[in-house]
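A.B. asks: Just so you know, the protein sequences line up as chains A and B, in that order. Here the first sequence is numbered in my numbering, starting from 175 and rising by one per residue. Here the second sequence is numbered in my numbering, starting from 23 and rising by one per residue.
No wet-lab data here; the hints were simulated from the structure. We treat Cβ as the ideally placed atom computed from N, Cα and C, and that holds for glycine. Be careful, since some hints might not be right.
Claimed, not checked - Calculated pairs, DSBU-like style, for lysine-lysine (alpha carbon to alpha carbon, straight line, at most 30 Å):
(1) A/Lys-243 - B/Lys-261
(2) B/Lys-419 - A/Lys-255
(3) A/Lys-255 - B/Lys-423
(4) B/Lys-150 - A/Lys-287
Unchecked claim - The following residues of chain B were derived to be distant from chain A, with all beta-carbon distances above 10 Å:
(5) Ser-39
(6) Gln-66
(7) Lys-142
(8) Ile-168
(9) Ile-371
(10) Gly-403
(11) Ile-411
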Amino acid sequence: MALIELQDVSKLYGFGDATTLALDEVNLSIDKGEFVAVMGPSGCGKSTLMNLIGLLDRPSHGTFRLDNKKVSQLRPNQAAKIRRDTVGFIFQSFNLLPRLTVLENVSLPLVYKGMSERKRLKHASEMLDRVGIQSREYFLPSQLSGGQAQCAAIARALVNGPKLIIADEPTGNLDSESSRLVMELLSDIHKMGNTILFVTHNPELTRYATRVVYMHDGTIIHDEQTAIGSVATTARKVLYTLPTTKEEDDLAGVSTLMKALPSKNTSRKKGRTAVSKPKKNKRTAVSPRKKKS
Amino acid sequence: MAISKGHIRAGVTAVRSAKLRSFWTMLGVIIGVTSVITVVAIGQGIKQQIGGQIHKLGNDLITIRPAQLHGSTGVKNNGVNVLSGLNVTGALTKKDIMSVAQTPGVSASAPLTITTGAVKSDVETYDKGFVIGTSASLASLLNQNIEYGSFLTEDDMGTDAAVLGAGAAEDLFDENVPLGRSFTFHGHEFVVRGIFNRFNTTPLSEQADFNKAIFIPNDVAQSLSNNTAPTYEILARPKDKKQTAKIAAVIQGTLSKNHGGQDNFEVLQGNQNLQSSDGILDLLTRLIAGVAAISLLVGGIGIMNVMLVSVAERTHEIGIRKAIGATDRQILSQFMIEATVLSLTGGIIGIILSLIIDLVLRLTTNLQPVISWQVALLATGVSLLVGVIFGTVPALKAARKDPIDALRSQ
Numbered sequence: 175m176a177l178i179e180l181q182d183v184s185k186l187y188g189f190g191d192a193t194t195l196a197l198d199e200v201n202l203s204i205d206k207g208e209f210v211a212v213m214g215p216s217g218c219g220k221s222t223l224m225n226l227i228g229l230l231d232r233p234s235h236g237t238f239r240l241d242n243k244k245v246s247q248l249r250p251n252q253a254a255k256i257r258r259d260t261v262g263f264i265f266q267s268f269n270l271l272p273r274l275t276v277l278e279n280v281s282l283p284l285v286y287k288g289m290s291e292r293k294r295l296k297h298a299s300e301m302l303d304r305v306g307i308q309s310r311e312y313f314l315p316s317q318l319s320g321g322q323a324q325c326a327a328i329a330r331a332l333v334n335g336p337k338l339i340i341a342d343e344p345t346g347n348l349d350s351e352s353s354r355l356v357m358e359l360l361s362d363i364h365k366m367g368n369t370i371l372f373v374t375h376n377p378e379l380t381r382y383a384t385r386v387v388y389m390h391d392g393t394i395i396h397d398e399q400t401a402i403g404s405v406a407t408t409a410r411k412v413l414y415t416l417p418t419t420k421e422e423d424d425l426a427g428v429s430t431l432m433k434a435l436p437s438k439n440t441s442r443k444k445g446r447t448a449v450s451k452p453k454k455n456k457r458t459a460v461s462p463r464k465k466k467s
Numbered sequence: 023m024a025i026s027k028g029h030i031r032a033g034v035t036a037v038r039s040a041k042l043r044s045f046w047t048m049l050g051v052i053i054g055v056t057s058v059i060t061v062v063a064i065g066q067g068i069k070q071q072i073g074g075q076i077h078k079l080g081n082d083l084i085t086i087r088p089a090q091l092h093g094s095t096g097v098k099n100n101g102v103n104v105l106s107g108l109n110v111t112g113a114l115t116k117k118d119i120m121s122v123a124q125t126p127g128v129s130a131s132a133p134l135t136i137t138t139g140a141v142k143s144d145v146e147t148y149d150k151g152f153v154i155g156t157s158a159s160l161a162s163l164l165n166q167n168i169e170y171g172s173f174l175t176e177d178d179m180g181t182d183a184a185v186l187g188a189g190a191a192e193d194l195f196d197e198n199v200p201l202g203r204s205f206t207f208h209g210h211e212f213v214v215r216g217i218f219n220r221f222n223t224t225p226l227s228e229q230a231d232f233n234k235a236i237f238i239p240n241d242v243a244q245s246l247s248n249n250t251a252p253t254y255e256i257l258a259r260p261k262d263k264k265q266t267a268k269i270a271a272v273i274q275g276t277l278s279k280n281h282g283g284q285d286n287f288e289v290l291q292g293n294q295n296l297q298s299s300d301g302i303l304d305l306l307t308r309l310i311a312g313v314a315a316i317s318l319l320v321g322g323i324g325i326m327n328v329m330l331v332s333v334a335e336r337t338h339e340i341g342i343r344k345a346i347g348a349t350d351r352q353i354l355s356q357f358m359i360e361a362t363v364l365s366l367t368g369g370i371i372g373i374i375l376s377l378i379i380d381l382v383l384r385l386t387t388n389l390q391p392v393i394s395w396q397v398a399l400l401a402t403g404v405s406l407l408v409g410v411i412f413g414t415v416p417a418l419k420a421a422r423k424d425p426i427d428a429l430r431s432q
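In isolation and in its complexed conformation, chain A is listed as follows (with noise of 0.2 Å):
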């Protein structure tokens, strides 16, 4: 039984002329127990994906089951218990509360669920002993390293028991010494039979994913099942066989792996001009049902 299930969902953000397709009529499934990559370029519409995973968002169109619950409509309460209690978040710049110290930090998800204030800093204090770092219960979080601080960012999503959990670039602040403590507490967690969903720019970290899901302009291009300890097919091609990006590329918010993959449309893509972000000024006022045809 799928875990998520996405059902042709859009997302549009605006109005008339300004409307833009952040996501266009994606199509996912996503099981229990699979630890899966989302790779794209900037401006993909990952991160909205994650968002309406996450139910911080609301798609525009399409069904949206978590754990068999449709969710795709729900109001902005609900959706935050149900984020309090299926969902766990760790992000790019791991959003620690500054002023709280770290075992505060990890215990916050479980105020909010009304866990007594003894029994919730017990279980925080686990939870950072489970991520190793236990003796930095009482530091603020400015006082962590890189490292730590993402592990307790992990230990703070782990905390409710969550389903799920939603990682968006968890390494991109990250040394690549870090980026590995990070992804291999990740990997335990997997190990452990949890759902992981993680956006990264890095093909090498397609090494702990069992599945690979690249994204382009609002769609999914190419989904792979991947064995664990091996970088993805599509992103090995990505990183060995193809140059860098070049300038141009870079201007035109053409990243390597989208030259790596099949297009699309081509014919689209010739009328582009050098805009960092092509897809956002694109289709303007397309309704996702008329595309069908």
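Knowing the structure of chain A, use the given hints to seat chain B on it.
C.D. replies: Relative to the frame of chain A, chain B by itself:
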């Protein structure tokens, strides 16, 4: 969602983490609460002091004093005087004194006649007080004890005996108990018969200070001044308390006849004085307290502004809290509690400050402000209310933030 101890602690922590800013925020509430409490306390204090004095004199005390003839259009007395002011015109005569004394139902009466002239002892020439001619009943009419010696008696009438106010005794003889010592006044040598206990003085009152006065028999005072000394007040007490109003009316009639039908005097009963002064004091207290309450309002607006800034500054934090599962209501209550903690702390500091001001006033002036627990409770309640009212707008703003936008802001 119930508000737990943890929520309040989080609010206190947030306030404490920005101590200086919190203080400036609270300042408006502190000033507001302090001024409201202090103003009301001073008003209450004066009321009680005057009330206490009237109570001591007794409700049944009838006061007869000269009045301005044309004063009938306005208020007859200026409200805060207990016994009388000396600034009134008209005069009470010897005949009036006799009439009051002989009115049926009057158990005791005493005139207060001011006699001018310098008083000399072997130590000092005394000019700070005045000499008052009176009768033997004065001490009992004023309910004032004699500390040393005794008051003038009926037998002392016509003799050169004197009783001193506590202050006059010290000033005139440089000692507290100058019993038996003498001073000269208009060529007569007076012997000190007794010393009064210290009279309570009343703030705002223009009343003569009896502590500085020298009391001599009324007939001696009259003869020394060739019957020109003005009697500025006659005090009388009825035998039966219940008859006070009736007897006051009788005195009014008799004196009116004495004055040929001209009412250039007034007859007041003890509680009449109290009522009018209470009314004016209440009005004044309310007025000033109202002005002070405006500063509470301004304080509330201050809290609102700082909370709005705080919400804007902490947008990212709100985003994080929402992402990890805080509902809108939980964010709302977080900021509401912060605003309430701010204003309530301000209110409590204000109460403490007004207690200190109260103490300072008691030590340095003759005011005796009374801080009632009702007023303190009211001030606390109002500051709580200010926090809730002015915390609502910023808290709502925080609660309604979109989590994605909030997370994106840095």
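A.B. asks: None of the hints should be skipped; say for each whether it holds.
C.D. replies: Hints and how they fare:
Between the alpha carbons of A/Lys-243 and B/Lys-261 the distance comes to roughly 93 Å, so the proposed pair goes past 30 Å and is violated. A hinted pair counts as satisfied when its Cα atoms are at most 30 Å apart, and B/Lys-419 with A/Lys-255 qualifies at roughly 20 Å. The straight-line distance between the Cα atoms of A/Lys-255 and B/Lys-423 is roughly 16 Å, inside the 30 Å bound, and the hint therefore holds. Proximity of B/Lys-150 to A/Lys-287 is assessed by CA-CA distance (about 78 Å); at most 30 Å being required, the pair is judged violated.
Not every Cβ of chain A is farther than 10 Å from the Cβ of B/Ser-39; the closest lies at roughly 5 Å, contradicting the non-interface assignment. B/Gln-66, annotated as away from the interface, keeps every beta carbon of chain A farther than 10 Å; the closest lies near 44 Å. At roughly 78 Å from the closest C-beta of chain A, the C-beta of B/Lys-142 stays outside 10 Å, upholding its exclusion from the interface. Look at B/Ile-168: its CB is around 69 Å from the nearest CB on chain A, clear of 10 Å, so calling it non-interface holds up.
Interface exclusion of B/Ile-371 from chain A stands, the closest Cβ pair being 23 Å apart, more than 10 Å. At roughly 29 Å, the least C-beta separation between B/Gly-403 and chain A is larger than 10 Å, which holds for a residue marked as non-interface. At roughly 24 Å, the least C-beta separation between B/Ile-411 and chain A is larger than 10 Å, which holds for a residue marked as non-interface.
When each numbered hint is compared with the structure, violations occur for hints 1, 4 and 5.
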